[in-house]
Amino acid sequence: MTTAVIVSACGEVPQAKLANKTKGIVYCAEANPVSFNPQVTTTGSTIDIIANQLYNSLISIDPVTAEFKPELATQWVISDDGKKITFKLREGVQFHSTDYFTPSRTMNADDVIFSFSRLFDVYNPYHFVQDANYPYFQSVGMDQLIRKIVKIDDYTVRFELFSAESSLLSNIATDFAVILSEEYAMFRASQDKKHLFDTLPIGTGPYKYKHFLRDNLVRFHKHHGYWKHNYAVDQLVYDITTNNTTRIAKMLTKECDITSHPSATQLEALSQRQDIIVDKAVNLNVGYWAFNTEKPPFDNVLVRKSLAHSIDFDKIMQAVFYGNGIAAQSILPPSSWAFTKQAMPYYDPIKAKQYLTEAGYPDGFEMTLWAMPVSRIYNPNARKMAELIQSDLRQIGIRTRIVEYEWNTFIERIGRHEHDSVLLGWAADTPDPDNFFSPLLSCTATFTGKNPANWCNPEFDLLLTQALDTNELKMRKFYYQQAQKMLVEELPVVPIAHGVRFQARSANIAGAELRPFGGVSLANVRKGEQ
Amino acid sequence: MLDYLLRRLSLLLFMLFALTAFTFSLNYLFPGDLLTNFSGQLNTSFSQSQILEEKYRIDDNVVIQYGAFVSRLFKGDWGLSLSSGQTVSSHIAVLLPATLELCFYALVVAVLLGIPAGIITSAYYKKWPDKIISTLTLLGFSIPVFWLALLLIMVFCLGFGWFPMSGRIGLLYEIPAVTNFILLDIWLLDFPYGGQAFLDALHHLALPTIVLAMYPTTVLTRFTRDSMLNVLEQNYIKTARAKGLNRRQIILDHALRNALLPVIKQIGLQFSTLITLAMVTEVIFSWPGIGRWLIDSIYQRDYPAIQGGLLAVSMFVIFANMLADLTHSLLDPVSRNQSHGKV
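Here the protein sequences line up with chains A and B, keeping their order.
Each residue of the first sequence is one higher than the one before, starting from 1 at the first, in UniProt numbering.
Each residue of the second sequence is one higher than the one before, starting from 1 at the first, in UniProt numbering.
The set of hints was computed from the structure by calculation and includes no laboratory data.
In this text, all values refer to a predicted model and were calculated from it rather than measured experimentally.
Backbone N, C-alpha and C fix where the C-beta goes; we use that ideal spot for every residue, glycine too.
Worth double-checking, as some hints may not be accurate.
To be verified - Only part of the chain A face toward chain B is listed, based on derived beta-carbon distances under 10 Å:
(1) 24
(2) 25
(3) 194
(4) 210
(5) 215
(6) 242
(7) 244
(8) 246
(9) 252
(10) 357
(11) 358
(12) 362
(13) 363
(14) 402
(15) 412
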């Protein structure tokens, strides 16, 4: 016990002095980042860590007014036919200067052209790095939309499109459409080390990459030449803690300053503490149960209907969301402007059994149910939800096996469509309703591994294209209404609920606002005096 | 002595053979593609698989495959981890030191506390110090590690807020890894942050070390006590006592040296138990060691990592036991005359 005595004596180091020595913020995150380039992934846990910290986009969307705001582009003009968009770029924007790269110039048109052409131009030297997989852009069809990008002068670029598309600007404003350094890309190419481009990142954001230790931490340092402001904290560290309870415990022991996704059961305990604040925000998202519609018996709509009618939604809302969620009435959340209430499937085991008999499976069958291992806004506890569904399905004679993997492996395997059914969800990147359809349920999304229902319906795709081809809000709303209706009839996915975004932070942390869409941004975060 | 060494060595070789043969067979026993299990590379293109098949001698018979496997092990080519895409050996190089560091401190604590406690109980046999310490050791012996760890976290981390509950050091301290033994690294860096990083690391070490030291401390206490009592029964001690030596002289000058011999052997044997308990401790205290990594790898079905981790840990335990045995035989000539080696 001597060590304990010695060490507790050592523990009395003045906290204020410690804080001075190590100015920084620790954010407890729920998963490892899979990449450091937002272009190549749509995994929310990764985007939360990297996108808004390391990078900037050309434009952003104001979370309150939903209007476009200038970022790296100061202004933009759309031609009358909607096929040409000209961006005027901000001058004097500095890229990160790190141990592995020192930029010689500020951001200009070449960087913008490089960043976007990587997504669709097969002649871009980086297009095939990472197996040419750009899930977000491919699933929204952006690679098919941009004809070319023209450099007018050093600070002006023009996007020329094959057709006018109403969601293009909001796609350019997502966390995925970041501006990378062309100079850095050429530097890596000259070293013949292109694979390092996405793992050792260079961006224009408020923080720069320092170190990543898998399952342990991600360390960012302050980017001193940040164009927007100079008050970013010296150090931002992501403590990778996959376990929900451990994240809360670290919050209580002050090992974390901010934590993502505190679970609903713990909110009570947290709100009792004076020094911890729980933030809550409405968020555009949906948690759903998707069936692998290419695999029998899930290719049969009767089977899907039977499964949808067999689960007790009220019980799920109580046991998983603890009242902090909205039961889904369509795939779109009610706060989206295109939302229309649908005739959703309801809990009715007798009806479920009827459908099952009709489909030719009176004795039921065996299936797998994949449950996410991490807590996300749209599903705080997929394991529990899976267990509830498992017991409900047993009532109609379906035997379910719950499958779990580590989060990044899980996403990868779902992408390869190894599952029968999966509990997953989607948090929107833009307020545009297309963000709920194209990246999730379009035919192109099945090829990029983003469509967990593996569902490709040409009629549905046509509706989405029609909605994108017009700028008239009323028409768009009409098409999305049709699309929502079709989803409820076909049920490739059963929308379950829309979650509320939570975050717990120490009382001395300011500027960590939650946004209704997109990833977490710690660009404005500050730490007050202890 | 030479004869003894040779016997030990042949036993070591046999153990290593059995171990590598078992690990090799895991490639066939794990589900999934054989080539992926070997190399840790997923979705290989045709030309890549050709190179891999050549490298892993897939077309040859099992014996040649095993030979290729062992030669790769010696070259340090342990395949890639499926979940991180980095080499298994690079993971082990970072993680094993963290585990060994924790085990080492726990063992030091166990020796420093356990042996004196054992001597005290034997000196005061059946008196109150013996009774108190024996009760405590029985208690410590029976407490499951995970329960003790959670209890300490509840009281000292969440309750009083005295200790951090995870990791090796506050994450805002930036300590570049040189040896991967954190205290050593801080020392090599000349105590950055005005020595606060070192104190912080000790602060982080405290609870995991106490938890991990609990079991070996109680074992060493009981072992020392039994061994001492055994020696104190011997005729030469009775003679010494009859000659009028006081208790201090008898215990420290005469009994201790002989009583400690079996205890030294026991210290070495504790290492394998420690590694096992360290895995549990690491998971609970989020200690970035090989145990936590192995358990994560099992959860992720990362077969190359599971193989590599098992091999590294079991090889380490075998070597540690062997070393303890050798030290013991250096100190105790009688044990060298065993005709058969044993582990």
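Against the structure, the hints come out as follows:
Contact between residue 24/A and chain B, as hinted, is supported at the beta carbon level, the nearest pair being about 4 Å apart and thus within 10 Å. A cut of 10 Å between beta carbons decides the hint on residue 25/A: the least distance to chain B is about 8 Å, and the hint holds. Because the smallest distance between the Cβ of residue 194/A and any Cβ of chain B comes to about 15 Å, over 10 Å, the interface hint for this residue is violated. A least Cβ separation of about 8 Å between residue 210/A and chain B falls short of the 10 Å threshold, and the interface hint therefore holds.
Interface hint at residue 215/A: satisfied, since its Cβ lies 7 Å from the closest Cβ of chain B, which is below the 10 Å cut-off. For the restraint placing residue 242/A at the interface with chain B, the shortest Cβ-Cβ distance is roughly 9 Å, inside the 10 Å limit, so the hint holds. With its C-beta approaching chain B no nearer than about 13 Å, residue 244/A sits outside the 10 Å limit, and its interface hint is violated. Hint status for residue 246/A: holds, given a least beta-carbon distance of 7 Å to chain B, under 10 Å.
Using the Cβ-Cβ criterion of 10 Å, the hint placing residue 252/A at the interface with chain B is satisfied: the shortest such distance is roughly 6 Å. For residue 357/A, the interface hint is violated, the least distance from its beta-carbon to any beta-carbon of chain B being 35 Å, above 10 Å. A distance limit of 10 Å between C-beta atoms decides the matter here; for residue 358/A the minimum to chain B is near 36 Å, and the interface restraint is violated. Because the closest C-beta pair between residue 362/A and chain B is about 33 Å apart, greater than 10 Å, the hint is violated.
Given the 10 Å rule on beta carbons, the hint for residue 363/A is violated: about 29 Å separates it from the nearest Cβ of chain B. Proximity of residue 402/A to chain B is violated relative to the hint, the smallest CB-CB distance being about 14 Å (cut-off 10 Å). Proximity of residue 412/A to chain B holds as hinted, the smallest CB-CB distance being about 9 Å (cut-off 10 Å).
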